[in-house]
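A.B. asks: Put together the whole structure using the sequences plus the hints.
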Amino acid sequence: MLSTTIAVLLTFVIYLGIYAFNNPDREAWVGLAAETNDRTLFRAHAELDASKAIQVVNIHSRFTAWFFWGFINWFAPLFIVTCAVLTCSINQFCGLVTISALSLASACSATAWFIVGAIWRFNKDGQ
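Note that the working numbering has the sequence shown beginning at 3, numbered continuously upward.
I should point out that these hints are in silico values taken from the structure, not numbers from a laboratory.
One should not assume that every hint holds.
Cβ pair distances, simulated, as ranges [stated by the list, open to error]: (1) Ser105 / Thr13: 23 to 33 Å; (2) Val58 / Ile117: 22 to 32 Å; (3) Val87 / Leu43: 46 to 56 Å; (4) Val99 / Asp40: 48 to 58 Å; (5) Ala36 / Trp115: 29 to 39 Å; (6) Thr113 / Met3: 20 to 30 Å; (7) Glu37 / Cys85: 47 to 57 Å.
Beta carbons: idealized from backbone N, C-alpha and C, even for Gly.
C.D. replies: Structure, rendered in structure tokens:
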């Protein structure tokens, strides 16, 4: 069971890394077409310029930033453990405060990452 859990977690981290640093998806933009005032997906920058769309969102860069944020979140516990070892070796109370603050920040970041991802994916631009 433990090996399956580790395999799933490693697969997820590799997936986040691939989509954060070498996203295989093509560039895409969403904007309001000037003629029809409808949301349109533009697969090339030339299409975007030709349509003179307004309220343009670069969907590719938005999701790449989200994957990068998730990738960094997975490595936050390693940073927290390193800080814990260093600060607890100097002063135990400062170490406990540091660990608590960094753990809280990491948990808040992971929660915000999940919520922002759901909002970006299921709003009109992400569909």
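A.B. asks: Does each hint fit the structure? Answer for all of them.
C.D. replies: To see whether the hints hold, each was checked on the structure:
Distance hint check for serine 105 and threonine 13: the Cβ-Cβ separation is about 25 Å, which falls inside the suggested range of 23 to 33 Å. At roughly 24 Å, the beta-carbon separation of valine 58 and isoleucine 117 lies within the given 22 to 32 Å, and the hint holds. Distance hint check for valine 87 and leucine 43: the Cβ-Cβ separation is about 48 Å, which falls inside the suggested range of 46 to 56 Å. Take valine 99 and aspartate 40: their Cβ atoms lie about 53 Å apart, and the range 48 to 58 Å holds.
For alanine 36 and tryptophan 115, the hinted distance range of 29 to 39 Å is satisfied, since their beta carbons lie about 34 Å from each other. Separated by about 26 Å at the C-beta atoms, threonine 113 and methionine 3 satisfy the suggested range of 20 to 30 Å. The hinted window of 47 to 57 Å between glutamate 37 and cysteine 85 holds, with their beta carbons roughly 55 Å apart.
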